[in-house]
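With these hints in hand, go ahead and build the complete structure from the sequences.
Protein chains in written order, with this note's numbering: chain X, 1 to 437; chain G, 1 to 962.
Treat each hint with caution, since some may be false.
What the hints assert, rightly or not - Subject to a maximum C-alpha distance of 27 Å in a straight line, what follows is the list of computed DSSO-like cross-link-like pairs (lysine-lysine):
hint, chain 1, residue 1, chain 2, residue 2
1, G, K924, X, K403
2, X, K294, G, K617
3, G, K521, G, K721
4, X, K278, G, K839
5, X, K292, X, K227
6, X, K227, G, K521
7, X, K227, X, K36
8, G, K756, G, K629
9, G, K521, G, K629
10, X, K118, G, K617
11, X, K403, G, K553
12, G, K852, G, K924
13, G, K553, G, K521
14, G, K617, X, K36
15, X, K227, X, K294
16, X, K403, G, K629
17, X, K278, X, K294
18, G, K629, X, K292
Since the hints were made in silico from the structure, they are not lab data.
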Amino acid sequence: MRRFALLALVGFWAAGCDLSVTNPGQIQDEYLDDPKAITPIVNGVAGDFAWATTIPGGGGLYNAGAMLTDELVHVGTWIGLRLLSNGIPDDWTEADGRWSGASQARWTAEQAVERLSKLVENPDRDVNVATVAMWAGHINRVMGDHYGEAVINGGSPQPHTTYYERAITYFNRAIQIAQAINNRDVLLSSLGGRAWCYVQLGRWSEALQDMRQIPTDFVFYQIHADKTDRERNYFYWWGYLRDECSVWGTPFARWGLNLTNPSVSEGDPRVPYDISGKNGGDGRRPFWRQRKYKSYSDPIAVIKGTDMRLLEAEYALRQGDVQTAVAKINEVRQYNNTRFRYNLPLVSAQTVEEAWPLLIRERGVELWLEGKRIADMRRWATYGADFVQRYIPSVVREEAAGKPASQDPVRNVILSAEKLYLIIPRIERNSNPNYPR
Amino acid sequence: MGWLRTLGGIGCVLLSAGFLWAQTGTIQGRVTDARTGDPLPGVNIVLLGTTQGAATDNQGRYTLQVRPGTYTVQARFLGYETASRSVTVAAGQSVTVNFALREQAINLEEVVVTGVAREAARKEIGASIATLDVRRLEDAPILNMSQLLQARTPGVNVLPGGGKTGEGTKILIRGPVSVTQGIQPIIYVDGVRIDNSTALGVWTGGYSWSGLDDLNPEDIERVEIVKGAASSTIYGTEAAAGVIQIFTRTGRTGAPRWEYRSEIGQSSTPFDWWNVSLYSPWFYDNFVRAGGVVDQQLSVSGGLQGFTYYASAGLRNQDGVLRGNREEGRHFRVNLQLLPRQNLIVRFNTGYATREVLFPQDANNIYGLAINGLGGGQRGRFIPPAEALTTDVRGKSGRFTGSASVEYRPLEGFTHRLTLGADIVNYDNTEYFPYGGVSQVPLGRKVNYRRDATILSFEYATNFTRRLASWVNLNATAGWQYYERAYGANTATGRDFPTPGLSVVSAAAVREGTETRLNIKSAGGFAQIGLGFWEVIFLNAGTRVDGHSAFGKDYPYQVYPSANASILLSGFRFWEPLRAFWVPSFRIRVAYGTAGRQPGTFDAVRTWQPISAVDGKPGVTTLNLGNPKLGPEVSHERELGLDASLLGDRLSVEFTWYNQETRDALLAVQYPPSQGFPNPQLENRGRLRNRGVELSAMLVALNTAQARWSFQAGFSTNYNKVLDLAGMPEIPVHWSQKHKVGYPVAAYFEDRYILKDGQVGLASQLLRNPDGTLPDGWDYIGPSFPIRKVQLSTELTLFRNLNFRLLFDHAGGHYVESTTFRWLMNWTVAVNDPVLPDKAGQTVGLWAHMDKYKNDPVMQQYIQRPWGRGGPRGNVVVPADYWRLRELSVSYRVPESVLSRFVGQHVRSVMVYLSGRNLWRWFKFPLLEVESSYATDRDLSQQEYFGTPTPRQVVFGLRVGF
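Pasting the structure below:
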């Protein structure tokens with residue numbers, strides 16, 4: 001009996017004293033304070049940007065922006081996307097996912113700048129520090145474009161322009177290092193990003209200085225791949241494979257190239273789409289598929305020289321300089337004709353009133369589904385009600401109760417939207433003690 | 001070599017057992033019903049103070065070989081009074097001890113072991129422990145363990161995922177005790193903890209798996225259910241949601257007793273159950289079928305001196321009611337029991353089961369059969385439903401559960417018990433889209449999920465019983481438990497096959513894989529002390545101290561105390577007049593106990609996750625914020641109850657009131673995503689409560705030699721409420737389900753149409769205050785889990801051999817979120833639809849019940865303005881109340897006189913039966929199935945999404961003993 005009791009006690013001791021376990025596969029925070037972790041950190045920052053802009057919450061920030069503006073119309077079943085497409089602020093779970101993804105991308109990029117600056121020998125001449133600083137600038141910029149307010153690291157809400165100010169800080173750092181080590185891609189991408197922020201802040205003169213340094217043929221892409229779900233360009237899913245987001249009902253249906261029946265559109269090849277022949281997931285609206293992105297691997301332009309030229313055109317028009325504006329538009333069209341062997345006719349305008357529609361259309365077509373339209377719309381909204389009513393195109397909004405989809409109301413994007421931006425969603429509002437309830 | 005030594009050891013034990021039993025006497029006898037004189041089969045005969053026992057055969061006879069000495073022989077049988085007799089046996093002598101047992105409505109002498117770590121009479125325990133005697137369900141329509149547990153015990157809810165065969169179930173005891181750590185009880189089989197993970201590992205619209213259903217109901221002798229912390233304290237961390245302990249059959253000394261059971265039958269669903277869509281007739285004709293059921297079971301049991309055995313083999317094949325759904329199960333079990341010495345018993349219990357389930361694509365799934373067939377007819381809503389049948393989804397499991405236990409009684413009243421066991425489970429689940437099978441996956445896809453889980457359990461308990469004085473008895477128990485779980489899972493995904501005919505991941509052009517490994521360890525020591533006064537007052541107190549590998553660095557251990565008292569009022573002298581006046585037994589009980597629920601493996605640590613980025617390069621991003629102070633949530637439960645038999649034992653009543661509160665509840669605290677970690681972090685900061693009553697009653701309305709008619713009723717309520725969310729206004733659960741302070745756990749909150757002051761409109765409009773604000777709770781709809789459950793059953797036995805059994809089951813007061821309803825209201829018939837040409841292109845919803853609600857102003861709003869056309873933005877949440885005829889069976893046991901005349905002594909018993917399950921149903925709201933809920937990674941999510949109706953199941957069975 002004594003032996004039995006001893007056995008029991010030994011068992012208890014053996015079992016009770018060591019409950020430590022080894023569970024592989026988890027990366028603990030301190031593992032990243034190692035120079036060998038630099039490359040994965042940098043990759044992670046770039047990956048988070050690509051992911052946040054195209055995946056969480058039904059296609060990330062870009063698809064949300066496309067829904068909220070006139071780039072695509074919702075024809076599917078996802079509630080959050082339908083709300084945006086109807087011009088209603090989305091406070092559904094998709095909004096939580098979108099915000100979480102973007103915030104994560106911003107925090108990891110900014111944290112990477114800090115961590116890498118301590119890890120590398122000479123942070124002022126290190127390409128990795130420059131790269132993560134550039135991405136920190138871009139994600140701040142994109143959040144500034146899409147959100148109505150800025151919330152940084154659990155703080156109180158601030159104007160959305162805070163993101164632009166923050167982005168400029170990171171772009172400054174990236175530009176400084178890129179110039180020091182002569183890294184063209186990081187330099188031009190950061191200059192373009194900074195110029196964009198200056199434009200959104202109304203600081204046109206500083207923007208023009210940056211824009212002029214960027215050649216028209218410069219394009220900096222975010223990388224997508226079909227190797228894992230997280231790397232995919234989900235425009236291909238929402239707008240082609242899954243019948244959720246349609247070109248039907250947008251001005252782009254008229255401006256673009258209808259591949260199924262080219263004669264019914266203006267035929268701009270920068271906006272290719274086809275008619276699927278079936279309705280979307282909602283069962284009533286036609287599903288016209290975007291064909292700009294033909295696979296999950298297609299990259300998306302982050303900064304383009306053509307964008308800079310068109311912003312310069314916009315500045316010119318704001319100054320009443322029609323000739324310069326038209327020249328800039330045509331420079332973009334000529335570049336496309338040369339680069340892609342398109343046959344885009346050159347445009348002309350004699351007056352500012354004639355030139356504005358050309359520019360608005362050109363920016364829409366040139367930057368279609370690249371996450372830029374929402375910032376354009378928000379900027380144009382500041383040009384006054386008259387400007388909006390006169391120049392901003394219309395798109396299908398809401399549903400005509402009990403009627404076919406062809407009778408769904410068409411409205412001016414800016415006028416019909418209560419607020420042309422994404423709101424800070426519940427997940428942040430409810431968890432952040434500094435956000436007033 | 002180790003195995004050889006083990007086998008050699010067993011052989012030696014057997015030989016020595018034979019020697020030791022050479023000089024013996026015999027105790028034999030017969031057990032009968034005191035009133036009718038009928039023999040009672042299956043009565044447990046126990047020699048008190050020893051490890052020896054037997055069970056009566058069909059004639060009520062038993063035989064025990066014993067060493068010379070004086071013994072107390074006890075006869076125990078559920079539903080009958082326990083009887084004891086003292087006898088002295090000399091070497092070579094045979095002593096006859098017969099028992100005539102009196103039927104008793106409440107058996108307070110019934111022995112339970114779960115929750116007390118020793119064999120204890122029910123009257124000694126102040127906490128509520130339910131027992132299910134499976135032998136009494138021989139003719140019930142039970143094909144798996146979930147059906148065995150369903151609608152049997154008040155407070156135990158079996159929530160099916162859906163009506164497809166092989167779909168998993170959730171078991172919820174009383175109410176949800178946790179908002180993050182799962183709501184299901186832990187399960188033990190013969191003292192060994194088993195893995196009951198529900199993850200299927202491949203997404204097919206939300207199927208879950210039920211590990212419990214790997215067990216063969218035919219092998220089960222009884223089930224003990226500990227419903228909450230008041231009685232699960234000795235199981236410590238992880239036991240807050242209750243414990244289900246399953247005991248498999250054991251052999252009895254005597255000649256081999258073979259038993260063969262054969263069942264054939266059919267599962268089916270009438271058209272009305274599918275009639276929710278305009279496409280339902282077409283869908284029903286093309287995809288719904290009657291599925292065959294075949295169940296064959298063979299077992300043998302018996303024993304030699306000092307050695308008993310039970311062995312079984314079973315086979316079950318069942319077709320589901322949807323095309324492409326089938327389940328096949330094979331079960332094997334060998335249980336051995338050795339008695340090398342009179343004070344030593346060694347048990348080896350082993351079971352092996354394989355199960356394979358073929359699922360169709362369905363539920364929340366754009367490739368699903370029902371969503372496409374009911375939502376779009378022949379063309380489908382997303383793909384033609386015929387394409388869904390080209391896919392192949394299957395789950396395969398193999399499970400070995402084995403235990404070895406040693407029970408040693410060195411002295412009278414002093415017992416040691418050591419149990420070692422292992423549960424080893426392997427899953428091999430696949431989802432296969434062939435090349436060219438589904439238009440949206442043109443090149444095909446294959447996912448293979450493999451999971452291994454090994455659970456090792458060790459338990460030691462010692463019990464000391466001593467009569468301190470003539471009026472006081474002491475019971476002391478102490479011991480420890482150790483539990484270790486190693487889990488490994490791999491997912492291999494391949495897509496884009498170069499040619500048709502390929503079906504393995506390695507044949508696909510694009511391949512990826514994942515690997516997950518988790519280890520968990522838990523250990524705890526426990527001690528209990530019990531005092532019994534005059535055999536009528538029993539006081540028990542105990543505690544358990546636990547450590548767990550998932551606790552944070554700053555949280556070394558957790559203490560769980562418990563105490564309970566049981567007072568047998570009918571044992572006092574003052575009760576005599578009442579006893580004479582038809583209240584023969586009456587007990588009151590009170591209990592308090594605590595138990596825990598541990599955090600997840602990595603919840604305490606700050607971690608980052610690996611990602612693939614920039615064209616397949618390795619990257620990292622944030623994952624888990626971490627909290628080194630993380631500990632278990634602790635459930636505190638109080639119970640008050642009474643057990644009474646009335647009307648001279650014709651009516652029995654058991655009543656329990658419980659109040660359970662989970663403190664330090666593990667909340668998924670959402671930190672601002674702007675701080676970089678979007679995933680919620682677990683923290684011990686919440687509080688929730690479950691309250692309710694459980695009542696079961698049985699009335700024997702008629703009890704004569706030729707007829708016995710009894711009625712049973714079970715009633716339970718559960719009102720749960722979130723008391724504290726650490727300042728968070730709400731925590732989203734799943735779609736419309738949220739946790740909010742002051743409301744039930746995972747309740748539904750949503751804008752919806754309502755009728756107020758004769759006006760119909762959205763709640764967000766009609767409930768608005770004059771100042772434009774919305775009052776708190778304006779969007780509250782109701783709880784997602786039943787607040788009341790009712791079971792009503794009756795059993796009529798005629799001429800001792802013909803038996804009728806009927807069981808109605810009701811759940812109510814809760815709601816279910818229906819995506820089916822939302823989509824059918826919203827979707828319309830396409831232009832040129834080949835199935836519904838007369839309605840083609842009309843912008844009317846597909847829902848089939850429009851006419852039924854034409855005078856309902858609220859429903860008219862949904863009909864006129866569904867989601868896609870200006871209605872409320874969420875799913876529709878509807879009442880989920882139901883009544884079902886859960887079981888109906890008729891059985892006939894061929895009289896022994898007939899058997900002996902026609903088949904001689906070779907056949908002991910023959911029973912034939914016809915039984916049905918879910919033969920009738922009533923729903924408050926006409927959904928496909930109000931009980932179904934597609935599986936997510938959250939136990940609390942309840943959403944009906946084109947779920948298959950729980951089918952009717954009719955089987956004809958034959959049970960032969962020989």
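Query raised in the report: Does K403/X pair with K629/G here, judged by a C-alpha cut-off of 27 Å?
Result: 59 Å, violated
Query raised in the report: Does the alpha-carbon distance linking K924/G and K403/X stay inside the 27 Å limit?
Result: Given that 27 Å is the threshold and the Cα spacing comes to 32 Å, the pair is violated.
Query raised in the report: K278/X and K294/X: Cα distance at most 27 Å?
Result: Satisfied, since the Cα-Cα distance of roughly 19 Å is no more than 27 Å.
Query raised in the report: Is the Cα-Cα distance between K521/G and K721/G 27 Å or less?
Result: Status violated; Cα separation ~32 Å.
**Report entry** Proposed proximity, K521/G with K227/X (alpha carbon, max 27 Å)
**Finding:** 36 Å, violated
Query raised in the report: Given the proposed pairing of K227/X with K294/X, does the C-alpha separation stay at or below 27 Å?
Result: Given that 27 Å is the threshold and the Cα spacing comes to 16 Å, the pair holds.
Query raised in the report: Given the proposed pairing of K118/X with K617/G, does the C-alpha separation stay at or below 27 Å?
Result: 23 Å, holds
**Report entry** Holds or violated: K617/G to K36/X, with C-alpha atoms at most 27 Å apart
**Finding:** 14 Å, holds
Query - Straight-line alpha-carbon gap K629/G to K292/X, limit 27 Å - result: Outside the cut-off at roughly 51 Å; violated.
Query raised in the report: Is the Cα-Cα distance between K852/G and K924/G 27 Å or less?
Result: 13 Å, holds
Requested in this report: Would you mind confirming whether the straight-line C-alpha gap from K278/X to K839/G stays at or under 27 Å?
Outcome: OK: K278/X and K839/G at ~17 Å, within 27 Å.
Query raised in the report: Straight-line Cα separation of K403/X and K553/G no greater than 27 Å?
Result: 63 Å, violated
Going through the hint list in order, the structure does not satisfy hints 1, 3, 6, 8, 11, 16 and 18.
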